[in-house]
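Sequences listed follow chains W and B, in order. Residue numbers for the first sequence, in my numbering: 1 to 380. Residue numbers for the second sequence, in my numbering: 1 to 466.
Treat each hint with caution, since some may be false.
To be verified - A few chain W residues facing chain B, derived, Cβ under 8 angstroms:
(1) Gly45
(2) Leu154
(3) Ala289
(4) Met295
(5) Asn298
(6) Arg300
(7) Ile301
(8) Met315
As the list claims (entries may be wrong) - Here are the simulated DSSO-like cross-link-like pairs (lysine-lysine), alpha carbons at most 27 angstroms apart as the crow flies:
(9) W/Lys284 <-> B/Lys175
(10) B/Lys449 <-> W/Lys297
(11) W/Lys238 <-> W/Lys297
(12) W/Lys284 <-> B/Lys102
What the hints assert, rightly or not - Stretch by stretch, here's where chain W covers chain B in the computed footprint (C-beta under 8 angstroms, at least three residues):
(13) 140-154
(14) 407-415
FYI, nobody ran anything at the bench for these hints, they're computed from the structure. None of the values given here were measured: they were computed from a predicted structure. Ideal Cβ positions, reconstructed from N, Cα and C, are used throughout, including at glycine.
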Amino acid sequence: MSGKAYDAIVIGAGLHGLSAALHLARANLRVVIVEKHWSGRHASGASAAGVRTLNRDRGELDLSLQAMDMWHAISDLVGDDCGFHAYGQICVAESPEALSRLQARVQGLRADGYTHEEMIGPDELRHLLPELSPHCLGASIARRDGAADPHRTLRAFRAAALQAGAELVEHCGVAALERRGSDWRVAGDDGREWIAPFVVNAAGAWSARVAAMAGDVIALSTKSSMMMVSERLRPFIKPVVSIMGRSLSFKQSDQGTLVIGGGLQGVPDLDRETSAVRMRVLSKGARAASDLFPMIKNVRIVRIWAGLEAKTDDMLPVVGPSPNAPGVIHAFGFSGHGFQLVPVVGAAIADLVRHGATGRAIQNLDARRLMPPHAEEHQP
Amino acid sequence: MMREFDVVILGAGPAGMSAAIGLRKQGLTVLVVDEQPAPGGQIWRAVESVAPTAAGQLLGAEYRAGQPIAQAFRDCGAVYQPQTQVWQIEPGWHVYMTCAGKVEAVRADRVLLAMGAQERPAPFAGWTLPGVMTVGAAQILLKTSRQVPSEPVWVAGSGPLPLLYMVQLLRAGGKIAGWLDTSPAGAWRRALPYLPDVLGRWGEVSKGLGWLRELRRAGVRRVRGVRSFRALGEGRLEALEYALPDGRSVRAPAQVLLAHEGLVPSVHMTRALECDHAWNEAQACWAPVLDAWGQTSRQGVYVAGDGAGIGGAEAARARGELAAVGIALHAGKLQARQAQALSAPIQERLRGHLRLRPMLDALYPPRADVLDPSDDTIVCRCEELTAGDIRQAAKLGQPGPNQIKAFTRAGMGPCQGRQCGYTIANILAKAHNRPVAEVGLQRVRPPLKPLTLGELATFNIEDEPR
């Protein structure tokens with residue numbers, strides 16, 4: 001291991017780490033990914049895999065739109081379509097107030113030149129979602145949005161990164177990150193070590209700990225979004241559906257199962273690396289789903305889980321160079337909506353490593369906004 | 001208002017009933033929830049209604065022994081809630097359940113899991129064909145509706161249960177086409193080291209020998225040393241093929257095949273609660289790690305009965321009684337000295353009932369291809385994956401069971417790994433040359449029992465803090 005020279009060490013083999021490694025390796029850089037467990041062990045494997053620009057925060061909207069173009073050509077990137085279907089994402093309004101909030105958002109976007117969201121009336125809504133409860137008044141839609149298959153996406157990014165020449169070390173946690181001249185030394189918890197001028201921090205829920213090793217004190221909390229999956233049903237819904245003002249994300253997978261999420265929170269435990277489901281909270285999601293689609297009331301829930309991922313105070317990720325540690329690049333804190341950004345964030349990181357700059361829209365995602373004043377003076 | 005109890009017991013078999021009786025004696029409030037419509041568990045299933053009938057006679061004295069215990073349980077003052085499925089337990093302890101389509105959470109200081117055993121998942125090629133069942137499932141039909149297959153039955157496997165079932169089946173007028181005995185040759189050599197135990201518990205041993213004599217007298221054909229077998233047929237079972245110790249393969253027409261390779265503790269609930277478990281090499285299964293009172297590594301969660309380790313009905317009763325004493329002690333209803341005095345004779349009884357277990361484990365190891373099924377054997381029925389599919393996925397790095405699930409979807413279906421867990425672990429252990437104990441099982445996801453979206457949606461959440 002030691003002795004071999006690398007250009008970059010990626011910490012974390014979730015989707016963002018794999019995407020960064022893929023883009024770096026494609027640029028003929030020597031990359032090793034160091035992963036504590038296995039690729040996709042936490043948030044990436046627990047994702048609902050929504051590919052969504054709809055209702056994106058304006059701070060990451062431009063980046064998300066860039067990512068959407070990449071999703072529409074995802075086979076070119078990873079050699080597999082990742083189960084991605086652009087059947088659209090729809091946000092329905094159950095009340096006149098909710099409808100006017102959606103209208104205000106779409107008008108605001110229009111005023112700034114964004115056309116990816118539109119309003120649709122009850123007729124088109126019924127046409128797109130024949131089983132929708134009649135109480136829904138209208139909706140906003142992003143037609144190029146959709147969803148992918150999370151495990152297939154993981155397999156594709158993993159295989160593509162390996163094929164491009166990235167090295168993947170699984171079952172090895174990072175014990176230390178230290179400066180070595182102009183390089184960084186990453187020490188594994190089994191005694192192995194790697195040296196490279198660049199380190200990508202894509203450690204998901206544990207990213208603040210890795211950032212702290214590099215001298216960056218970044219406020220980060222943990223999300224533990226619960227998801228439930230039903231038994232298989234005949235295909236009856238193609239778009240992904242959410243509700244204005246309620247926690248719900250509802251879709252049907254290619255396997256026919258319903259995948260119901262929307263950010264209802266379980267109980268995270270970072271040290272034990274686990275999270276617990278809270279059924280009383282989850283019942284809100286079951287109610288929201290069965291309000292929209294009354295015919296699913298007798299559908300059996302087959303499994304429920306809660307993932308673990310990093311959340312920032314402003315719900316925007318941290319993507320960009322470390323303020324204190326030259327050569328360290330952060331990519332974490334996706335706060336529940338990082339899946340869609342996977343292809344573009346990896347590309348941005350590869351740009352930063354190769355050119356020190358990127359044309360991808362990460363200008364609002366600098367770590368300094370989350371750091372205590374004067375923390376920049378902290379030296380590792 | 002949420003109902004509250006000192007103890008919630010899951011399961012109304014020998015262990016759960018005995019624990020409830022013991023806890024009530026110490027003045028604790030008890031709720032017993034069970035999936036069956038009547039108390040008894042699997043071993044004494046429907047005992048109250050069946051024991052006094054002719055079917056009760058043919059099921060034998062061990063079966064009828066459950067009747068007075070069920071009566072004592074009915075009279076003990078525990079709240080008994082049959083036909084109820086528990087689908088989640090959360091710290092605190094909150095037990096979530098569904099009864100007649102109604103969802104409820106109850107709170108308890110302590111939870112006792114008396115969930116019993118399940119038949120060891122032992123897939124073979126063709127096991128999903130109609131006409132193939134487990135011996136345990138067939139015995140339930142015999143107990144609850146006195147159903148006897150009209151066609152001659154093939155029985156394949158080893159252990160006390162197939163013997164007992166064949167005897168019961170003959171007494172009920174059924175016919176046996178043949179018995180494929182999968183226990184390896186040299187049974188007496190394997191039993192020899194346990195001779196003192198055999199003599200010490202001669203009553204139980206002679207019962208088993210009596211079953212064997214009864215089968216011989218009835219002319220049941222026993223094929224010894226069967227190493228593997230497979231079920232064949234288009235759309236349903238038509239024939240079976242088995243391998244003899246000398247390697248020869250024999251094919252025979254078959255309409256009903258009942259298979260069994262021993263019992264393993266039901267650990268789904270204790271694993272969902274992330275209790276510590278240990279691998280039992282002799283029985284090739286996992287069991288929760290318990291203290292002398294049956295308490296798991298999670299304070300307030302106890303296990304009694306075959307869920308603690310396979311021991312049979314009498315051992316389960318003793319474990320239930322011990323757990324009751326331990327819970328009363330921990331709840332401050334008994335002094336340590338009183339608890340010791342109460343538990344000493346129960347411990348003595350338990351030791352007696354478990355004395356034959358090492359000999360039975362030595363006599364009836366699971367057949368070799370349970371650990372190493374052929375490539376065409378379906379392993380995960382929910383997702384229709386074969387042993388070959390799992391072996392293929394096992395080549396991608398050195399994946400564990402959870403990663404195999406992500407790669408292949410094995411274990412994502414309604415059984416949630418209850419059926420495929422052991423087999424996947426065995427295949428991975430062999431593929432990566434690691435001990436099964438190290439490979440482990442998939443993480444358990446809620447709900448632990450089927451739950452509909454409508455049921456979950458009706459749940460009262462008003463007092464949930466945001």
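Tested hints:
A cut of 8 angstroms between beta carbons decides the hint on glycine 45 of chain W: the least distance to chain B is about 6 angstroms, and the hint holds. At its closest, the beta carbon of leucine 154 of chain W sits 7 angstroms from a beta carbon of chain B; the interface hint therefore holds under the 8 angstroms criterion. Proximity of alanine 289 of chain W to chain B holds as hinted, the smallest CB-CB distance being about 6 angstroms (cut-off 8 angstroms). Interface restraint check for methionine 295 of chain W: the shortest CB-CB distance to chain B comes to about 10 angstroms, outside 8 angstroms, so the restraint is violated.
Here the hint on asparagine 298 of chain W is kept, as its CB sits about 5 angstroms from the closest CB of chain B, short of 8 angstroms. Against a cut-off of 8 angstroms between C-beta atoms, the interface hint on arginine 300 of chain W holds, since the closest Cβ of chain B lies about 5 angstroms away. With a least beta-carbon distance of about 5 angstroms to chain B, the hint placing isoleucine 301 of chain W at the interface is held under the 8 angstroms criterion. Nearest Cβ of chain B to the Cβ of methionine 315 of chain W: about 18 angstroms, over the 8 angstroms cut. The hint is violated.
At most 27 angstroms may separate the alpha-carbon atoms for a hinted pair to count; lysine 284 of chain W and lysine 175 of chain B exceed this at roughly 54 angstroms. Restraint check for lysine 449 of chain B and lysine 297 of chain W: satisfied, since their Cα atoms lie roughly 16 angstroms apart, inside the 27 angstroms limit. A distance of roughly 19 angstroms separates the Cα atoms of lysine 238 of chain W and lysine 297 of chain W; the hinted pair therefore holds under the 27 angstroms criterion. Distance check on the hinted pair: lysine 284 of chain W and lysine 102 of chain B sit about 17 angstroms apart at the alpha-carbon level, within 27 angstroms; holds.
Given a C-beta distance limit of less than 8 angstroms, the hint that chain W covers the segment 140-154 of chain B is violated, as 0 residues qualify and 3 are needed. With a threshold of 8 angstroms between beta carbons, the proposed coverage of the segment 407-415 of chain B by chain W holds, since 5 of its residues qualify and at least three are required.
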